[in-house]
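Colleague: Take a look at the letters that make up each chain.
Number of protein chains: 2
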Amino acid sequence: MTRQELIDLIRSRRSFLCVGLDTDPAKMPAHLQGTADGVFLFNKAIIDATIDLCVAYKPNLAFYEAMGLDGMRQLKLTMDYLHSLGKPAFTIADAKRGDIGNTSERYARAYLDPRGDFDFDAITVAPYMGSDSVQPFTTVQGKWVILLALTSNKGAFDFQLTASADGTPLYQRVLAQSRQWGGDDNMMYVVGATKAEMLADVRRVVPGSFLLVPGVGAQGGSLDEVCRHGMTADCSLLVNSSRGIIYASQGEDFAEAARAEAAKLQRQMAAWL
Amino acid sequence: MTRQELIDLIRSRRSFLCVGLDTDPAKMPAHLQGTADGVFLFNKAIIDATIDLCVAYKPNLAFYEAMGLDGMRQLKLTMDYLHSLGKPAFTIADAKRGDIGNTSERYARAYLDPRGDFDFDAITVAPYMGSDSVQPFTTVQGKWVILLALTSNKGAFDFQLTASADGTPLYQRVLAQSRQWGGDDNMMYVVGATKAEMLADVRRVVPGSFLLVPGVGAQGGSLDEVCRHGMTADCSLLVNSSRGIIYASQGEDFAEAARAEAAKLQRQMAAWL
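Chains as they are written, first to last, in the numbering used here: chain A, 70 to 342; chain B, 70 to 342.
It is worth saying that the hints were derived from the structure and are not from the lab. Even glycine gets a Cβ: it sits at the ideal position worked out from N, Cα and C. Hints should not be assumed to be uniformly reliable.
Here are the computed distance ranges between Cβ atoms for each label pair [unchecked claim]: (1) 71(A) / 73(B): 52 to 60 Å; (2) 232(A) / 325(B): 53 to 61 Å; (3) 81(B) / 211(A): 52 to 60 Å; (4) 318(A) / 312(B): 50 to 58 Å; (5) 237(B) / 138(A): 36 to 44 Å; (6) 96(B) / 211(A): 26 to 34 Å; (7) 232(B) / 138(A): 40 to 48 Å; (8) 297(B) / 102(A): 53 to 61 Å; (9) 138(A) / 210(B): 41 to 49 Å; (10) 96(A) / 211(B): 24 to 32 Å.
Next up, chain A with everything else stripped away, as it sits in the complex:
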């Protein structure tokens, strides 16, 4: 999906919501637990209930890898379903990968290649290993790398927010340096909603880039604060909610409850657009 297609999708759905498919079998409704392809059936119901209210889906791969080989099969079923729908959605492999150049190429092939098992639009990447660990993800036509800048967890204070010799915090150096590796049409950044007041600082370095903002809801971030400090004329935001939507109910009404929570966020977003 190109930048313009994503912006058009945001305008037509009046939403910049990303639904995090962090599916934990133990938190699914009882009637789906232990059934064959229960995780896929759960995801399918969530997708059906939310696709007109959101623009993106973001499975965190850790949840699928934790289920072993069958988990990756559930992920493939989910992606196959999304590709079959005929309704566009931006898909993000929340994988936080990154390795030396020839190895990052493999990760790009694994998750972004249209001939591969998954064919995501984007993948999240950790910047610690620098340029050659990131660049292979920027060379897949029409696909995106989403670089970790400022994450929403407490560990973000350990390294991301510590000052370099020139006084700038590490996450700002990541933002600045990465401008040599990609542009606004193939690179986004993760900036946690729990640090919304820093979005203004982020915007000074990457004024037009899309930001993927996790941490709204369960982790305590405020959607209004994110919009106030991070939104641009093109929106340029994808705001993620995972637990707050997909586990809104653990009963048989889980999909309707997910829709209701997604609709609340969508209405707030429509007011900002």
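Using the hints, position chain B against chain A.
Modeller: Just chain B now, with coordinates in the frame of chain A:
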């Protein structure tokens, strides 16, 4: 595998060699390409040819993920085979994962849990997200986290080697801070052989920790330099070679050629032990 068991294994095999199972189907001998379970059969032949000359195996997960669902099955077959051998080997999931705390727990379950599909001894982890992204890997009994400190690629200069406000490079801050998250019996560090002269600096911060050292051979690092600057009385080194061993020949003699290359390194290592 405990630290003492690993040290005993190094002494009995007179080797601290780690063989990197970065298996690329296109580089396998022609007779294995395109055959069912060819990647596993390749790995099995490499393992059979090298297990008395090395102490560890390190599949880089990118190579398996790039093959989609079938790749993860080849990885599981490889791990099942290693577990069935009755000859000890330290196994490392070179995964470079890391996420917020509750998600890193999932990655720990995926790769370290003895009840899971893989049951590795150790996993490599990227430190960018800080404490809560690393700690879940340290709580699995008898298992190890191997934290990226100073990697062997050119991108290491982008962030790892840049000075913080207090003058220390980022990788040294990672080493120092991580001492609060684990100890010498459950945490190792990746330090690239291409920067062997920096091993002395590394040893000032982590004098007794095991170091996993990639970059010997194909990437240009020198084994002697690594030993000179990094070895301790307990050895505390695992030196990895991937391409130099597993692709020593692309003919039907690939396993014997791999053994010959592994034996060269083992003899050099025996002289240092």
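Colleague: A separate judgement is required for each hint: does it hold in the structure or not?
Modeller: Here is how each hint holds up against the structure:
{"no.": "1", "hint": "71(A) / 73(B): 52 to 60 Å", "result": "56 Å, holds"}
{"no.": "2", "hint": "232(A) / 325(B): 53 to 61 Å", "result": "54 Å, holds"}
{"no.": "3", "hint": "81(B) / 211(A): 52 to 60 Å", "result": "53 Å, holds"}
{"no.": "4", "hint": "318(A) / 312(B): 50 to 58 Å", "result": "52 Å, holds"}
{"no.": "5", "hint": "237(B) / 138(A): 36 to 44 Å", "result": "43 Å, holds"}
{"no.": "6", "hint": "96(B) / 211(A): 26 to 34 Å", "result": "28 Å, holds"}
{"no.": "7", "hint": "232(B) / 138(A): 40 to 48 Å", "result": "44 Å, holds"}
{"no.": "8", "hint": "297(B) / 102(A): 53 to 61 Å", "result": "56 Å, holds"}
{"no.": "9", "hint": "138(A) / 210(B): 41 to 49 Å", "result": "24 Å, violated"}
{"no.": "10", "hint": "96(A) / 211(B): 24 to 32 Å", "result": "28 Å, holds"}
When held up to the earlier numbered hints, the structure conflicts with hint 9 and nothing else.
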